[in-house]
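J.: Each chain, written out:
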Amino acid sequence: MKENISIFELFKTQNKLTKIIIYPVVLVENDPYEHSTDKTLLNPVCVKGLVREVSFGKMIWELQGLKSIGTKEIVVERRYENLFKNCGKIIIDNEEYSVYRDAYGKSLQIIKKNDYLLILLDKIND
Amino acid sequence: MINTLSLVRDLIGDNEIKGDTYITYNGNGIKTFTLYDDNVAEISIKVKKNGTIWASSGSWSYDEDINSLVVFGTLNPNDNLLVTYTYNKYSTTELEGNIKNALYYISVAQYKDFVVCSGNVILDGVTAPTVAEYRLIALITKIIIDPDITGYRTSEVTINFNKSDTKEVKIEKSIMGFRSFNGIIGFLPLDTSIAPSEE
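Respectively, the protein sequence lines represent chains R and F.
My numbering applies: residue 1 is where the first sequence begins, and numbers increase by one.
My numbering applies: residue 1001 is where the second sequence begins, and numbers increase by one.
Honestly, the hints are just simulated from the structure, not real lab data.
For clarity, every value in this text was computed on a predicted model and none was experimentally measured.
Do not take every clue at face value.
DSS-like, lysine-lysine: derived pairs with alpha carbons at most 30 Å apart [what the hints assert, rightly or not]:
id	chain 1	residue 1	chain 2	residue 2
1	R	Lys12	F	Lys1089
2	R	Lys48	F	Lys1112
3	F	Lys1049	F	Lys1031
4	F	Lys1018	R	Lys48
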C-alpha cells in the first residue's frame, strides 16, 4: 500500500514553512448601549504554514467575492483555528492580510481538511 | 562518556539553525514576547534594543516553558527588539522519547537491556554501552524518526534496507548488523574428527 505523503509534513521536516505572524486581540466593550469596543492588540505569535498564491482564474471563477489580486491560500495545523478566528492582525512577508472578525465570512474563509485548515486571506491595500 | 543526544542529532542531521524574532513594542503593557521558533538554545540568545546590544542582566530573561522573552527593563512604545538565537528542529524531550523507544526495540530483540539513568547516560544495569552500541541506539532512533532511511555504512558495519522494508524490519536488520560473537577461528588437519565427543 502506498503511503500518503503529506506535503505539509515534508515542508515542516525540511524547515521550509513560512512564518505567519498573528496578533491576538482583546476587545473591551466601552459603551453598553452602543456596543462599541476598544481593540488592543497583544504581542504577536508565530505560526508556521504553507503559503501559496491563489491563481487569478480560481479567484474569478471559483471563489467569487474575493479580490482578484493579492489573495493567499495558507495551510496550517488545525489547532490554530481559534487563534485565526480571534486575531486582530495577520502579517505574512511584511504584508498585512484581512482577519476573520472583520471579513464577515467573505474575504477570509476557513476550510477544515482533516488535520489542517485551509485559509484564504485577502491582502489589505495600504 | 558519549552524549547520546548529540550523537542522534548528528545522525539525523539536526544541526543548529540561526533564527531571529523582530518585535516592535506597541505599548500594551505586556512585556512577554513569544519567539518565532521552537527549541531555542537559551545560551545563544542575544537581544538588540533599537539597534544596540542589550545585556540580559536585569533587563530580560528567557522562559523555556512558554518559549518567550520576558522583559524587565524599560520599554517605550515603538521600541524595536531584535532577538537572535540558534534553534534545533527536534526538542530534547522529543529525542529522549525516541531514544527510549529505541531502547525498547533493542530489548525486545534480546540484544541487551539498556536503561536510561540521569537523563542521558545509558547503562545495561552495570556496564556502560560500547561506542558501537551507542551508534546502534542512535541508528535505531534515526529509523524511528525517519523510517525512509535507505542504508547505513561505516567501517565497522554495512546495512542495506529494501524500499519495501517496514520500520520494524529495518530495526531488526540494524540490530542483526550490530550483533557480534566472541570465538576463535582456526584451522584443523583434514583427518581430525569434528564429531562431538560422547562424554
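J.: Name the hints, by number, that the structure is in violation of.
T.: 2
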